[in-house]
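Assemble chain Y onto chain V, guided by the hints.
Residue numbers (my numbering), protein chains in the order written: chain V, 1 to 265; chain Y, 1001 to 1261.
Be a bit skeptical, because a hint or two may be false.
[What the hints assert, rightly or not] Which bits of chain V does chain Y cover? Going by a derived footprint, with three or more residues having C-beta under 8 angstroms, they are: (1) 183-191; (2) 212-221; (3) 241-252.
Bear in mind the hints are in silico, worked out from the structure with no lab data behind them.
Where a beta carbon is used, it is the ideal one built from N, C-alpha and C, also for glycine.
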Amino acid sequence: MSDGFPLLQVRALTVGFGGRTVVSGVSFDVAAGERVALVGASGSGKTLTTLALLGLLPPDAVVTGSVRVERTEVVGAPERELRPLRGPVTALVPQDPGTSLNPQVRVGRQVAAPLRRTGTGRRAAAVRAGELLAEMRLPAGTDRRFPVQLSGGQRQRAALAMALAGSPRLLVADEPTSALDATAQHGVLAALGRATRERGAGLLLVTHDLAAAATTCDRVLVLDEGRLLADGPLHQVLAGHDHPAVRALVEATAALSPPALVGAR
Amino acid sequence: MSAGSRTSDVPLLAARGLTRRYRGSDAPALDGVALVVGAGRRVAVVGESGAGKSTLTRLLLGLERPDAGEVTYRGRPVHPGRPRSLHWFRRAVQVVPQDTGRSLNPRMRVGDAVAEPLRCLRVAGDHRARVAELLLAVGLDPDAATRLPHEFSGGQRQRIALARALAPRPEVLIADEPVSALDAAVRLQVVDLLREIGDAEGVALLVVSHDLGVVSALCSDVVVLAGGRVVEAGPVDRVLTDPASREARALVTAVPRLVLT
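Next comes chain V alone, as it looks inside the complex (with noise of 0.2 angstroms):
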């Protein structure tokens, strides 16, 4: 916002469940047009601080501290407050679009979706979700085929578009490339990359893939059991942390990236 508030701005975060705290005291901003990577092992509690900012914590879940999404708290918010934020403001690209997308209907129908619920007509919305799905260079045609028509970078692909159909300006996308193989991964990180980029849109990619990270974001937020380790510059971060399980999550990284092509860098 033009006012100087974050995008997105989280503060003392803390999510428990029956006693156990899964997430503590967490603190960060999102600056519009930001593009940030959340990265941390499996269990260091990236799924629950995603699902905190976007309000959709299982109601057993407790709460506290304060999530402001362009200045409006989420935390502890009814649904009909939150609601109004989903779309326009933000959007959720899930982890499997195998079981995100409805397999009964037509992909494009499903892109549009978002339009409709906001009042754009029928014709308009098919139009719009038909240039989103060209724009994420899914084949003319792919708006009339079901999800298992596709293949599964093809429907994360999908996923994505009907994640900008409303124009969000933070898109937040979890684990969007674990279940794609490192072709379709290199077309879902690309897709993203540009459509946050040429929109100005800020961007939060939950991953334990620091490579992946490292090709679409600038800046990295490392969780570890529940506590933020670290936040910045994303090769700052990651060249130069000193806490075991930064070092832990790089040299892993590293052992397992194959070498450069012959010619490469």
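Below, chain Y alone, put in the same frame as chain V:
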């Protein structure tokens, strides 16, 4: 060590001319594929989704019959058939599954799960002692035997699955995306374990994966599948740094890399 020579020139698992078509699909899922896994070698099969990796895995495991071609083990044909008829093959070739969250029976204690192949394949000996030895070998406490799968993390469950696969003292392990369900740090631990176990027990490994990082950390040789055919094969060091085929080059260039300076 058990049966036979362990030098790399002994072909153990071999396939030639493997072809498989599925009804309702124009192109064959697999089209004349040949490969050899020599004793003690670690071979990777890589390719995009839809390249034929899963079909090849099922055929190599004798779970499905090819339309043409043949799978052999130490020269002996592997014909899918009644379970008993393949006991000899199952003792020699075991599988490490992708997702241990689903592949381990949630109600079976870990010790029973690890001993199950010994019982099913009628392997002689003290099964309880063998289970304790296996759990230790994969870096778990032998007390794990009395616990249930849900009490373990994803990485630990993958260790349990590996112990189970090693139980009948196989000469070849087939691992289908063995670490894709794990995060980076745990992934590296399991990759290291697979390599160490492979060396210590002299077990050959066939890794089916789309993860070229895992392949380069683990394997000596690689077979690149595309559209059901082998488009390139050779040493990992060469194929992944200087691929000759268009398809292999596309795979290698697609990998996101972390370059820290």
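Status of each hint after checking the structure:
Check result for the region 183-191 of chain V against chain Y: holds, 5 residues qualifying (beta carbon to beta carbon below 8 angstroms, three or more required). Residue count for the region 212-221 of chain V with a Cβ under 8 angstroms from a Cβ of chain Y: 3. That meets the three needed, and the coverage hint holds. Only when three residues or more bring their CB closer than 8 angstroms to a CB of chain Y does the claim for the region 241-252 of chain V stand; here the count is 5, and the claim holds.
Going through the hint list in order, the structure satisfies each hint without exception.
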